[in-house]
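Read off the chains here:
There are 2 protein chains.
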Amino acid sequence: MSNLRILGVDPGSRYTGWGLIDQEGSRLKWIASGRIEAYRAGELPARLKMLFQGLSDVAQSHQPAEAALEQVFVSVNAQSTLTLGQARGAAMVALTMADLPVAEYSASQVKSAVVGQGKASKTQVMSMVQIILNLQGKKLTEDEADALAVAICHANSRQFMDRPELRGMR
Amino acid sequence: MSNLRILGVDPGSRYTGWGLIDQEGSRLKWIASGRIEAYRAGELPARLKMLFQGLSDVAQSHQPAEAALEQVFVSVNAQSTLTLGQARGAAMVALTMADLPVAEYSASQVKSAVVGQGKASKTQVMSMVQIILNLQGKKLTEDEADALAVAICHANSRQFMDRPELRGMR
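Heads up: the sequence lines are chains A and B, in that order. All residue numbers for the first sequence refer to this note's numbering, where the first residue is 1 and numbers rise by one. All residue numbers for the second sequence refer to this note's numbering, where the first residue is 171 and numbers rise by one.
Certain hints may be false.
[As the list claims (entries may be wrong)] Derived CB-CB ranges, DEER-like: (1) A:Gly116 <-> B:Gly212: 52 to 60 Å; (2) A:Gln117 <-> B:Ile201: 56 to 64 Å; (3) B:Asp269 <-> A:Ser61: 37 to 45 Å; (4) B:Tyr209 <-> A:Asp99: 15 to 23 Å; (5) B:Val244 <-> A:Gly25: 20 to 28 Å; (6) A:Asn77 <-> B:Arg184: 35 to 43 Å; (7) A:His62 <-> B:Gln230: 25 to 33 Å.
[Unchecked claim] Quick look at which bits of chain B chain A covers, simulated, 3 or more residues with Cβ under 8 Å: (8) 264-270; (9) 289-298; (10) 305-316.
The set of hints was computed from the structure by calculation and includes no laboratory data. Model, not experiment: these values are computed from the prediction. By construction, the Cβ of each residue, glycine as well, lies at the ideal position given by its N, Cα and C atoms.
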């Protein structure tokens with residue numbers, strides 16, 4: 001299997017985590033990660049612009065080959081769902097405008113891939129991301145860890161597929 | 171009051187209506203309108219890209235000064251709300267990346283501005299848009315008429331304000 005750079009994204013209208021890993025055969029290597037603090041931009045249109053520009057810059061700087069997004073938790077609160085949907089739409093446009101194929105995974109798929117079980121806690125996800133990517137001692141935000149977890153999930157699901165283009169891809 | 175070109179948008183993951191009007195004093199003039207048929211692009215990421223590119227092209231070609239969006243109807247169905255939110259996020263990014271201030275109006279504000287009452291039917295909105303913009307005989311899609319109605323609503327609310335920059339703007 002050839003090397004592949006994957007961009008994982010955990011979008012939100014306040015914080016958007018992003019994380020880049022290289023898949024080199026069965027090895028996963030951390031490249032960069034961070035979070036976009038869109039809440040600083042003020043009202044929603046300005047936030048979405050900041051999110052879009054931030055992710056576009058990340059894609060431009062690091063040239064990933066594929067992207068992966070966590071499927072959104074559909075909240076009981078319709079207004080929260082709408083807000084999160086808007087952030088997710090802005091993120092998706094940034095990724096597709098950078099010509100990246102976008103794969104989507106549910107939260108339980110991500111947790112299973114990283115921790116080995118679909119109901120893992122945030123702390124477990126954080127710890128396993130640090131172990132898998134050899135980042136012990138590096139301080140990660142939760143958003144960053146979640147984004148790296150989605151990237152790891154995508155790398156794993158590619159690895160176990162005969163036809164990667166047929167699964168998880170949209 | 172100076173002339174102003176307004177872009178109204180009615181976003182959706184299948185169809186996105188857009189409509190441009192010029193406000194010349196108290197007169198409103200139709201400039202262009204249409205709809206982006208994003209459902210043709212296939213899956214959601216490709217749809218959102220088409221929506222973003224389509225609105226970016228409209229903004230580039232017609233150089234509006236301000237934009238107005240209808241606030242989304244929050245559905246009982248959370249998945250529909252999420253999908254609509256994603257389309258709206260993509261639209262909002264296209265408008266803000268074109269450096270347009272984005273105002274938002276509820277459906278009842280739009281109907282009141284165009285028909286004179288907040289519970290008007292789609293047919294009433296369509297007819298009044300055609301009368302106000304002198305488009306009798308021109309065939310409009312519902313999405314196009316809704317987008318023009320939002321633009322008219324924005325023009326009206328600007329006209330009746332002492333400080334247009336303080337109301338409805340985000």
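query = Do the beta carbons of Gly116 (chain A) and Gly212 (chain B) sit within 52 to 60 Å of each other?
reply = 34 Å, violated
query = Should the hint that Asp269 (chain B) and Ser61 (chain A) are 37 to 45 Å apart at their CB atoms be regarded as holding?
reply = 23 Å, violated
request  = Confirm or reject the coverage of the region 264-270 of chain B by chain A under the rule of 3 or more residues with a beta carbon closer than 8 Å to the chain's beta carbons.
outcome  = It holds, with 4 qualifying residues against the three required.
ask   = Is the distance from the Cβ of Gln117 (chain A) to the Cβ of Ile201 (chain B) consistent with 56 to 64 Å?
value = 57 Å, holds
key: Assertion that chain A covers the region 305-316 of chain B - criterion: three or more residues, beta-carbon distance below 8 Å   = violated (count 0)
request  = With 15 to 23 Å as the target window, see if Tyr209 (chain B) and Asp99 (chain A) comply at their CB atoms.
outcome  = 21 Å, holds
task = Count the residues of the region 289-298 of chain B whose CB lies closer than 8 Å to any CB of chain A, then report whether that count reaches three.
result = violated (count 0)
query = Is 20 to 28 Å right for how far apart the beta carbons of Val244 (chain B) and Gly25 (chain A) are?
reply = Taking Cβ atoms as reference, Val244 (chain B) and Gly25 (chain A) lie about 47 Å apart, which means the hint is violated.
Outcome for the supplied range 25 to 33 Å, where the beta carbon pair is His62 (chain A) and Gln230 (chain B) = Given a distance of about 28 Å, which is inside 25 to 33 Å, the answer is holds.
Arg184 (chain B) and Asn77 (chain A) - C-beta distance against the hinted 35 to 43 Å = Given a distance of about 25 Å, which is not inside 35 to 43 Å, the answer is violated.
Violated hints for the displayed structure, listed by number in ascending order: 1, 3, 5, 6, 9 and 10.
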